[in-house]
Each structure stands twice: as structure tokens, then as C-alpha cells.
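Chains as they are written, first to last, in my numbering: chain A, 1 to 498; chain B, 1 to 97.
Derived from the structure by calculation, the hints contain no laboratory data.
Just so you know, even glycine gets a beta-carbon here, dropped at the ideal spot from N, CA and C.
One should not assume that every hint holds.
[Stated by the list, open to error] Pairwise CB distance ranges (calculated): (1) B:V83 x A:D483: 55 to 61 Å; (2) B:E84 x A:D453: 56 to 62 Å; (3) B:E84 x A:R495: 53 to 59 Å; (4) A:R495 x B:R5: 44 to 50 Å; (5) A:S14 x B:R13: 33 to 39 Å; (6) B:Q42 x A:A32: 28 to 34 Å.
Now for the letters of each chain:
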Amino acid sequence: MAELFRMTADQIASAVRDGEVSAAEVTDAHLARIEEVDGRIHAFLHVAADQARQAARAVDRRRAAGEDLGALAGVPLALKDVFTTKDMPTTCGSAILDGWLPPYDATITRRLREAGLVILGKTNMDEFAMGSSTENSAFGPSHNPWDLGRVPGGSSGGSAAAVAAYEAPLGIGTDTGGSIRQPGAVCGVIGVKPTYGGNSRYGVVAFASSLDTPGPLARTVLDAALLHEVMSGHDPCDATSIDAPVPPVVAAARQADVSGMTIGVVPEFTGEGFQPGVLAKFGEAVELLESLGAKVTEVSCPHFSYALPAYYLIAPSECSSNLARFDAMRYGLRVGDDGTHSAEEVMALTRARGFGAEVKRRIMLGTYALSSGYYDAYYGKAQQVRTLIVRDFQAAFDRVDVLISPSTPTTAFPLGERVDDPMAMYVADLCTIPSDLAGNAALSVPCGLAPEDGLPVGLQIMAPVLADDRMYRVGAAVEAALDARRGHPLLNDARGLA
Amino acid sequence: MPIARDDVAHLARLSRLALAEDELDHLAPQLDEIIAAVARVQEVTAEGIPPTSHAVPLVNVFREDTLVPCLDAETVLSQAPAVERQRFRVPRILAED
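Okay, chain A solo, but in the shape it has when bound (with noise of 0.2 Å):
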């Protein structure tokens, strides 16, 4: 058997279903892999290993007594730290946040919890899941695995730096404007941005509602369906989840294959501001996929320009009122609460030694935008161009099946150099965006390594809304040919921990 921590989840799954391996060797072992890397990843926020080995060896429990165990059963787990856990603090690499210890779990906690996972402990992320470094967490930067000195990608950061560093084989994120595609492209993993409404909201400390979408990292396709498949589903604590069956994403990861299908390529995403070892390896993967046997045409978005813009109005003007809850009155940081201030004074003095500039630019931004006498120029034209951008997904998937565009405009940058520049940050999720304002599923998959920095570039497969099924199907392909072609994994061609 190979080294327990390099295993995928679905072999991992077997093996402890086989009785060849328990759930609590698999735990260590990951927990030893986060004692040897992690102060070089800064994966984590929290590593919760006796709660890990409680779990596992519940999970063995349930093995000796001859119980049927789940599909992913006694897998270690990176979870994003904006998921509560009843019993681990909960972050969301804020300040205002730090010690929180929520008193109940997210519904995806729960229902990870019941599937046998073990969650290893809580992830890294920029504050709030506003960023695409993770330098806006309170606590510091993670790492990315192919090279230290650069950033993981954002927000979900530290659970795709996780992945990518095999500290855990599954993790889990949310996708607000590209914060699980993101960090999942520029770490070299796949990255899922499931339909919106598909995965359960509660429990997840909440950025920009209409947007806030959870989804799994992995190391393999096939991984990252078993685990969509565990976590999704609808859930009546949610009034935004869909009441409908989760798409058969496991079968379409199993099925690989594209013949037949019909690929449609978003020129506006082809263009100019495009690292060139980024269009080289799209271009490429384009003809892998004819080669495979799909169809490629192009097809225009013409509003997904302004996708970028519009995202920047809703999103900050949803975080300016969510963030209201952080008052400093129930829970969290409170700061000059002496008796000479008033609770007005307090809540203000609080938030701004709480939230980081980050934050305090989007709740800012958001509240400008929601000003009256602003309204209808900023938020009310921003939904407008949403509706237009609904469209062009609409009248695109009337003619392809599913839409493909490189995942980032350029591989991962140097830590640093875009940490005070918020419009050059931002240009990040330009690819990622009109996804999340569509509400319909996309996922990265890594495609191969730019020839100018050696680092991993992600192909980004956009599905219609409820048919998350047909981008596995396209990135279990191109997953496969890439391997056998490589003769490796691409994760083996890692360096930064070398």
C-alpha cells in the first residue's frame, strides 16, 4: 500500500471498508503529514486531532460491529474555518471572530459527521471569504505547495493548500465570486463550484447570500464527486436549497468520456490580460477534447465583461448587511465597552479593530451602493446586468452542453504583490464570476503546467444549473488523458515542499 496520506479518498474509502487499513492509521497519518508541512503551508487554523481520532475509531467501531459504511467513510477532511463545529472555534480568518466556538454545527458539518469523515480541523482563508490569497485572514497567509513564495489562491486557500499538499485528501469551500475554482487552479486540484441552492447555506457564515455557494476540493475528479455527492442535498434549514435530486455526479466522474458532447469556448475569456502559458494550455486542452471525441465551437457571453463589475456591487452590498450582525453585543471581539462609551460607540470602535481593510473596503463599498440616490446607478443596474448574463448562459447552453474557459487569468502570484492593489486582486475571479451570478455549476480542473513559472493551470467546465453531472464528465476525461499522457499525477511534479 502506498503512503497512507498520498491515497485518494475512494481508495482510502475502500481499504478501510476492505478491513486492509482502520480509519485511525489513516488519521494519524494525516495528522502526522500536518506536523511535518504545515508550519511551511499554514494549511490550518486549527488542528482538531483528538475530535479526528474520536471520529475515526468510531468509524472502525462501526466497521467490527459489521455496520454498512458510507462511500467516504473514515476519509480525513480539510474543513473551510467558515463552517461552524460546535466543537471547534470558528473563525473565518477574522479577528472579531477569534476563539468563537459556535453552538451547533452547519448542516454540511453534520452531515460530514455522519458520513464517516474526519474532519482534521479548520482551514485557512481570507477574512470572511473576501479574497483570492488568503492574505486578508487575520492569522496570516497559507502557503501554495508548487511554490512557497507564492499565494494558495482565495478564498478557499488553505483547504485546496491542504489538498495540494497531502495533508488531506478531500476539502471543502465556498464559491462566492470563484473562491473554491480559484484556489483549486492555482494549487492543481480540482475545484467544484457546485449549481447554487444545491449545497446547504446553513451554518456558513454568510458573505454575499444570493451567491454563497459550498463546494469540495480533491485531488481526483472522481474524489471530489464522491464528496459533492455526500455533502449535497436539500435541507429545510435552508430556504434557498433546492428541493431536487443531487445531479449523478459519481456516475458522470465514472463515466469519463466526452464523445458526442458538444464544448462551447467563451472567446471573452481568451483574450487580452491572459498569462500566456495559461491561453497555451487551454488552447491545448481545446484540442484534447476534439480529440476525445467532443465537439468545440465557439461561443460568445458578450455580457460576461461585465460580469467583474456587476459582482463587485452585489457582492459588497449583500456583505454590507450580513456583516451588520457583527455588533459586538452576543458574540465575538468587543472593544471599549468601559463604561465611557455608548453601545453605538462600542459596535464601531469594535469593527474597526475587528475587520481588516478587506472587509472594511467591501462593507464600505456595499453600503455606497446602496444609498439612495445611488441605488438605481450601482445595485439596481449590477442586477440588471446579472439578468443579461443569465441569458447568455441560457442561450449558450441552448446550443453546447457545457461552456469552457481557462479557470484564472494567471497562474499563482507572489505573495505581496497584490495585497494593497484591490482591483488587480480582484481580476482573479474574472473567469469565475458569471458562474456565481448565474447560479450554475463549474469546476476546475487542473490542465496542465504554464511553460514560463512551472505552475499549474486549471480548466475551467460551466454546466446549466442542476446538471453538475456533465462538467465531471469533461474533467474526468481530461483528467485521464492528462495522466496517462504525464505517465504521474500531476501533483507529483510539486516542488515547493521539496
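Place chain B on chain A using the hints.
For chain B alone, coordinates are given in the frame of chain A:
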């Protein structure tokens, strides 16, 4: 329309953020740049286009009206910054005069 430092100070007050002077100096030009960039949405012709607030619209969502236990007071208050007689203690909300 450019956004001035005074406008940003006003936004900070509305947002309940007690920003220091140097923070305002730093954030004001950044907000001006961001607002100029997002104003590009105004180039789009959207006459008669309905707004989308939610990509997957659902209306009148109800769940079963079943009784479930709620969190007990001790659990809820355990994370409060200040507690007094099984209540959240908060700073004064009214002026003294």
C-alpha cells in the same frame, strides 16, 4: 463621479466603522478607484431588463412546522462578551440626559 475623503468618512459612519485618520487616507483613494471601475455597469444598455436578485428563484418556501428543542440559555450566552443575570450585558444605548 469621484468619491472624496469626506464621502468615505460618511460611509464609515454609516457602516459603524470608527476608522482612524490614516486609515481613511489609505482607503479613500482605493474606494474611489474601485467605484470608478464598477461604474462600468452603466455602459450596459438594460432598458426594460428585469433585475435578478437571486439566480435560482424560489418563492414561498416553508418547512414542516415541527417542534424541535432550541439552544439553552447557557450555551447561547457562553460566547457573549459580557453577561449579567442570564442576559447579554450591553453598553448604554441612551444618553444620560
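Of all the hints given earlier, name the ones this structure violates by number, lowest first. Numbers 5, 6 - these are the hints that the structure violates, sorted from lowest upward.
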